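J.: What follows is each chain in one-letter form.
Protein chains: 2
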Amino acid sequence: MRKQGIGEDELFCFLEAKRNKDIRYDLILSSMCTRPHPVAIRAHNLFMETNLGDPGLFPGTHEVEQILVTRFAELFSCPEAGGYATSGGTESNIQALRIARQIHPTKRPNVILPASAHFSCQKACDMLGLQMRCVPPDKEMRMDTDVLAGMIDADTCGILAVAGTTEYGVVDPIPAIAALAQEHGIFFHVDAAFGGLVLPFLPDSPAFDFSIPGVSSISVDPHKMGMSTIPAGVLMVRDPLVLHRLNVDTPYLTVKKEFTLAGTRSGASVAGALAVLDYLGRNGMEAVVSGCMENTKRLIGGMEAFGIHRAVTPDVNVATFMPCRIPDRWVVSATRNNHIRIVCMPHVTRDHVEAFLEDIGELNVTAT
Amino acid sequence: MRKQGIGEDELFCFLEAKRNKDIRYDLILSSMCTRPHPVAIRAHNLFMETNLGDPGLFPGTHEVEQILVTRFAELFSCPEAGGYATSGGTESNIQALRIARQIHPTKRPNVILPASAHFSCQKACDMLGLQMRCVPPDKEMRMDTDVLAGMIDADTCGILAVAGTTEYGVVDPIPAIAALAQEHGIFFHVDAAFGGLVLPFLPDSPAFDFSIPGVSSISVDPHKMGMSTIPAGVLMVRDPLVLHRLNVDTPYLTVKKEFTLAGTRSGASVAGALAVLDYLGRNGMEAVVSGCMENTKRLIGGMEAFGIHRAVTPDVNVATFMPCRIPDRWVVSATRNNHIRIVCMPHVTRDHVEAFLEDIGELNVTAT
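Those protein sequence lines, which keep their order, are chains X and Y.
According to the working numbering, the first sequence holds residues 1 to 368 in order.
According to the working numbering, the second sequence holds residues 1001 to 1368 in order.
It should be emphasised that the hints constitute simulated quantities derived from the structure, not laboratory data.
Please read these numbers as outputs of a predicted model, since none were measured by experiment.
Note that beta-carbon positions come from the ideal geometry of N, C-alpha and C, so glycine has one too.
Check before you lean on any hint, since a few could be wrong.
Which chain Y residues face chain X? A few, computed with CB under 8 angstroms, are given here [claimed, not checked]:
#, residue
1, I1023
2, D1026
3, A1176
Okay, the calculated bits of chain X under chain Y, using three or more residues with CB under 8 angstroms as the criterion [claimed, not checked]:
#, segment
4, 15-24
5, 84-92
6, 137-148
7, 219-233
8, 326-338
Work the whole structure out from these sequences, hints included.
T.: In structure tokens:
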């Protein structure tokens, strides 16, 4: 590192030049992140120096986290549910599977999940020494419940399903899976990192939450459709006591036990998450989600008009298509099956969709 | 959640009231976090919406992370070292032990660490299924190398030692431990979450970094003495290739493999960490660290003048004392051995130290 520091002007000239190399969200159609809402940024700055890892020092910030948890408890149809703010969907999934392993200890524990599960599950299973049993998808890319049923054995400590898959935006058949989990007494985690802030605001959405007996835990990422700042994940559990199965002693802090994965945890994005939910209210979130779904439908309609067919009909604002040529300036992604994948996040406006479709038309439609 | 959102004024009135319940840093003598440096906050805001988890979308932010890694590679005496920005010391320790387990697979792997190791190690060992062998401290609260030597066996996949312990601020005898690790071919991780941004700036500090053969990895938290925003951790590895042992496939991202623990990762605090290092330079960091060490010495001197003796002589700016009465308004913490513990962070100025000593004197010295 340099002996003498550089001036603030020079430093920010340098940092701004780096920042300008990043792709603008306007052109990003591939991400489940989005521009944070202005109230999230303002709240983030208000709580910038707080540490939820030492709640006795920051009792006000701790209350904000608790309020956020009650918001999700209510939104997910179980006012008595508990939870905490994680560093994102990966920590949430790791912690859920860790609880599952703790509740049902066996020599060779396994977890059953759909092949469509987020790659964080692979990290979690590797870390936790869990055998990962992957259920292949049905034609609509949802978890096949019959195959799942055949995979359950005495060593199955957990089942994970997804409400709003990263690749195809579909919701696994949560009620049927929950019934199986309940029948066998197995911990059942619903990864709603994406769908958790979409599905509750749709008029006719597939069921996925604690209203279904047998759902043990749900993860949701406010830094996705909740338009909070990164990192903002939340892990919700039907029975708040199961979190304490992960307790370790924390001497020299203001609390003496801790069940979180991370130690030091900023309250900034947690306050950001609550700020957006309270500022928009249910009406506001419905408007945001409805706009994203409308754009998704328009995109699918527009692409199909060009003969580029959808891969599946999604439950949330993720659209997938048969392979086609993509204009250079837009960033889309590809699924493992080589389908084109576009996420209609709040930063993807109707104007963006129309501009994208125009470019697609020019590139893919043969002049007649 | 409410049907109708609330106005921005009302929302921030509510959030500010919560924030005002938090304890001000002026009175916090127990934390290893501190007020972020103003350039960290400015940089944080500039990179607020970036996601290092999808580096192809944010190539400029990715470069900032790479530059931060090269800063630490140089600071820790190994320009070829690699690394990445973690969510803090817990992720860094988990990942280091995960690499150790991966390199040396055995049926019943164990890790040897000092009893003084941070509680994140207990989380890591629980998750990773590693037997935790704790070396009791010597009189100065450092790891006893002779005891350590006797604990090594064929199933030992890793050794962890601490450079700047959380409780007593001492540095384990890293060169002697490294020699043992090297002799047995064992992965050796140095947890320098706190000391990593203190020791390099001290005139006569104990050796702890890659200049010692046998040190395999080092973790450091810029959100502690680096005065960055939370969360800012860094895991450094001597051989950058070992990180790839943790790779999972990441379809639908702009990169196809990922070795980090978290998926979505904000670039904000990473830019904050680099901003502080470059703005202050080595001279500036030396001044900050020297001020904190002076305050630590003054505090120890002042307390001992009242007959309240130090527990140990620390290597970094953590002071510990025999039990005594603490004036209500100050927040200190207690170690597991019931010693009073005070961390002289940058927000703890000489004025704070003098005011604290005055209060202590009034409370603890019997009128003669």
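J.: Checking against the hints above, which ones are violated?
T.: 2, 3, 6
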